[in-house]
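Protein chains in written order, with our numbering: chain A, 1 to 543; chain B, 1001 to 1099.
By construction, these hints were calculated from the structure, which means they are not laboratory data. One should not assume that every hint holds.
The list that follows gives simulated cross-link-like pairs (lysine-lysine, DSSO-like), each with its CA atoms no further than 27 Å apart [as the list claims (entries may be wrong)]:
| hint | chain 1 | residue 1 | chain 2 | residue 2 |
| --- | --- | --- | --- | --- |
| 1 | A | Lys327 | A | Lys378 |
| 2 | B | Lys1069 | A | Lys327 |
| 3 | A | Lys56 | A | Lys327 |
| 4 | A | Lys378 | A | Lys175 |
| 5 | A | Lys378 | B | Lys1069 |
| 6 | A | Lys331 | A | Lys378 |
Restraint-style ranges between C-beta atoms, simulated for each label pair [what the hints assert, rightly or not]:
| hint | chain 1 | residue 1 | chain 2 | residue 2 | range |
| --- | --- | --- | --- | --- | --- |
| 7 | A | Ala375 | B | Arg1056 | 27 to 37 Å |
| 8 | A | Arg450 | B | Arg1004 | 21 to 31 Å |
| 9 | B | Trp1092 | A | Ala137 | 39 to 49 Å |
| 10 | B | Arg1056 | A | Thr419 | 27 to 37 Å |
| 11 | B | Arg1056 | A | Arg332 | 38 to 48 Å |
Far from chain A, by Cβ distances over 12 Å, these chain B residues were calculated [unchecked claim]:
| hint | residue |
| --- | --- |
| 12 | Ala1015 |
| 13 | Asp1024 |
| 14 | Ala1052 |
| 15 | Pro1093 |
All residues carry an ideal CB built from backbone N, CA and C; glycine is no exception.
The lines below spell out each chain.
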Amino acid sequence: MAEIDGCDVCVVGTGAAGGILAHSLAMAGLKVVSLEQGPRLAANYFRSADPYGSRKDFGIRAHTSWPADPHEAFFGNALFASAEHGSARRRAGGFLPYQVFAVGGLQNLWNGVSVRFSADDVRGWPLPYDDLARHYAATERLVTVCGTSANLPELPDGEFIAPKPFRPVDDLLAKAVASLGAPTAHVTANRKAINTRPGTPSSCQSTGGCAFGCPTDAVYKFSSRLLPRIAGRSNYSLRPEAKVTRLIASPDGARVESVEFLDTASGERHRLRAGIVVLAAGALESPRILFNSASGTAPAGLANRYDQVGRRLQDNPKTVLSTSLWKLWGKRRDYDIGYGDPVLIVGRASLPDGETFPFLCHNSHSVPDIPHYLAGLKRFPPFVKRRLARLMFHSYLTIGMFCGGEPNPANRLRPSRETDAFGVPQVDIDYTSSPRAQARMDAMERWGRRVLGRASGTIIHGGSSDNGTGIHYAGTTGMAADPCAGVVDANLRCHGIANLYVCDGGVIPQLPEKHLTLTIMALAHRLGDHLAARAAAGELSAA
Amino acid sequence: MNERSEHEAAALLRAIIAVSPYRDYLSPIEDDVVRVSFLNHQIRAALLAASAAGVRASRFSLRRGADEKLILSFLEYVAFASPGFLASVGEWPLERANG
Chain A
1 MAEIDGCDVC VVGTGAAGGI LAHSLAMAGL KVVSLEQGPR LAANYFRSAD PYGSRKDFGI
61 RAHTSWPADP HEAFFGNALF ASAEHGSARR RAGGFLPYQV FAVGGLQNLW NGVSVRFSAD
121 DVRGWPLPYD DLARHYAATE RLVTVCGTSA NLPELPDGEF IAPKPFRPVD DLLAKAVASL
181 GAPTAHVTAN RKAINTRPGT PSSCQSTGGC AFGCPTDAVY KFSSRLLPRI AGRSNYSLRP
241 EAKVTRLIAS PDGARVESVE FLDTASGERH RLRAGIVVLA AGALESPRIL FNSASGTAPA
301 GLANRYDQVG RRLQDNPKTV LSTSLWKLWG KRRDYDIGYG DPVLIVGRAS LPDGETFPFL
361 CHNSHSVPDI PHYLAGLKRF PPFVKRRLAR LMFHSYLTIG MFCGGEPNPA NRLRPSRETD
421 AFGVPQVDID YTSSPRAQAR MDAMERWGRR VLGRASGTII HGGSSDNGTG IHYAGTTGMA
481 ADPCAGVVDA NLRCHGIANL YVCDGGVIPQ LPEKHLTLTI MALAHRLGDH LAARAAAGEL
541 SAA
Chain B
1001 MNERSEHEAA ALLRAIIAVS PYRDYLSPIE DDVVRVSFLN HQIRAALLAA SAAGVRASRF
1061 SLRRGADEKL ILSFLEYVAF ASPGFLASVG EWPLERANG
């Protein structure tokens, strides 16, 4: 076991939170080490090694499967960790954990949607909304978010640059929503962390889809935007392929003394002493590290005295619908395809018992050079398929609708007897979809079908799930003032441990219908200020 | 599987392309289609199995087994992702999509 030079702050993970935090702390002058269990992807990875669409090998990779559900194509990305490398084993019919182990984490495949939670969304959190709003603004300036102000209380405005314009398909969708006459439904420009300013090296080049990796780095991610600003500083170092196996606490369990990690390239184990440790490894991996740090004084895992670690696992229940709009049949494209999903819709759907609930919807329309539409044409002979494929080529529209998660304590991560490819214990996932979540997905589907019908939709291909495919994991190290109700306090510090923090989706106690990534980044920015203040007050050495 | 069986499977695929209803799209990119078919685990296995079973291109049909269906759906997919088809809908080269 080799001990390496200590640091003020060790940040575990380089995704949404870890990147913002490392940048913030390094710029504040603290000695920071980032540990990332995956490698650093080559700068041209999304241009050459695995470009979007059919540009390389017709979009076919070694593990592409036939026939594939069009809505499942995204989940075959080679960057997603396998069951042997991920935090949790996959069980048939169970929760599906999607993780990316590489510098930048899941943000390598991030679609970029960046929406603020509202004051109502964080009611019950142990922090004032005004404080969070201040850090939303700072984060938006840091990562650059395009959008337009809509003046909707349920969707607070931010600091935006201009978005890409709506296209004919977006106008049809917006008109269809307006035709419902529902006062609770609003259409605005999607809010995405994309550099839409023209003429810069990282300007959006309109490839039509962000979630397969941006070839021009127009979508924010740590490795291309903030890491270059701190990579050369003497007080910052990044160690890729450094898999944290456990945290070592003081004999009384009141503080963490060091971080043990495995160099997955060399197989060597190392120990890093740190004044502060921040777990920013995601809502699945951070609890796993806490479980694996069990000791005599913390037999159920670190920061788990009240059996709260791993509980309340949530994801946004989602419904995805795709169709071909007959009003666009035979049309050639004379417009900028943009980033594919410039429309954002906020709305409310109704359950059979009369209750209404909010949902968020965005669209997708791009050049279908990967012919997923063939699944809908399978009954036709080849000569008819050719004609229909040409006629309908620019007519496809997909909408995705998301509603809030449910903080059910029984949906949880537990220590597992199984280990990953490096011999590190994984976690098991207990997860049951509730009848209410299913009812909400059904209600969103009814709403979506009405809208697509009014937009001239034809055959609608649909699907719903809330078992991990939203990849908005939250709740497993929840924020609560009461240590019996959560794992971290208002400053994201683990209850009862002086120098251990968690900052990732896990700290969000209840998922609203909105995408959580901007909130994770704003919380990281806020934590950066908190830790810098502790350092300025001379508290780090005493931590 | 040895080199000979891969060679025979590739020959079978080329023969299927020659009689495919999409041969106008597939023939100009035949070498790429064969290369990609062996890159994909599922299609490679299906081709080797069909070849080992002595299936002939002229008798290839959707009414036959799972391997044949898989190979035909792969070829159809490639046809509609080919430069020939994308040019017919005004989207080739794909860089034109960028703006």
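Do the hints match the structure? See the list:
1. For the given pair, Lys327 (chain A) sits about 22 Å from Lys378 (chain A) by alpha-carbon distance, which is consistent with the 27 Å threshold.
2. Under the criterion of a C-alpha separation no larger than 27 Å, the hint pairing Lys1069 (chain B) with Lys327 (chain A) is inconsistent with the structure, at around 33 Å.
3. Restraint check: the Cα-Cα separation between Lys56 (chain A) and Lys327 (chain A) comes to about 32 Å, which exceeds 27 Å; the hinted pair is violated.
4. This hinted pair does not check out: Lys378 (chain A) and Lys175 (chain A) have alpha carbons roughly 31 Å apart, beyond 27 Å.
5. With a CA separation close to 12 Å, the supplied pair Lys378 (chain A) and Lys1069 (chain B) stays within the 27 Å bound.
6. For the given pair, Lys331 (chain A) sits about 23 Å from Lys378 (chain A) by alpha-carbon distance, which is consistent with the 27 Å threshold.
7. A hinted range of 27 to 37 Å holds for the C-beta pair Ala375 (chain A) and Arg1056 (chain B), which are about 28 Å apart.
8. Checked against the given bound of 21 to 31 Å, the beta carbons of Arg450 (chain A) and Arg1004 (chain B), roughly 59 Å apart, lie outside it.
9. Checked against the given bound of 39 to 49 Å, the beta carbons of Trp1092 (chain B) and Ala137 (chain A), roughly 44 Å apart, stay inside it.
10. Range check, Arg1056 (chain B) to Thr419 (chain A): about 49 Å between beta-carbon atoms, so the 27 to 37 Å window is missed.
11. At about 41 Å, the CB distance of Arg1056 (chain B) to Arg332 (chain A) agrees with the hint of 38 to 48 Å.
12. For Ala1015 (chain B), the shortest C-beta to C-beta distance to chain A comes to about 18 Å, beyond the 12 Å cut-off, and the non-interface label holds.
13. Non-interface call for Asp1024 (chain B) relative to chain A: violated, since the shortest CB-CB distance, roughly 10 Å, does not exceed 12 Å.
14. At roughly 19 Å, the least C-beta separation between Ala1052 (chain B) and chain A is larger than 12 Å, which holds for a residue marked as non-interface.
15. The Cβ of Pro1093 (chain B) sits about 9 Å from the closest Cβ of chain A, inside the 12 Å cut-off, so the non-interface label is violated.
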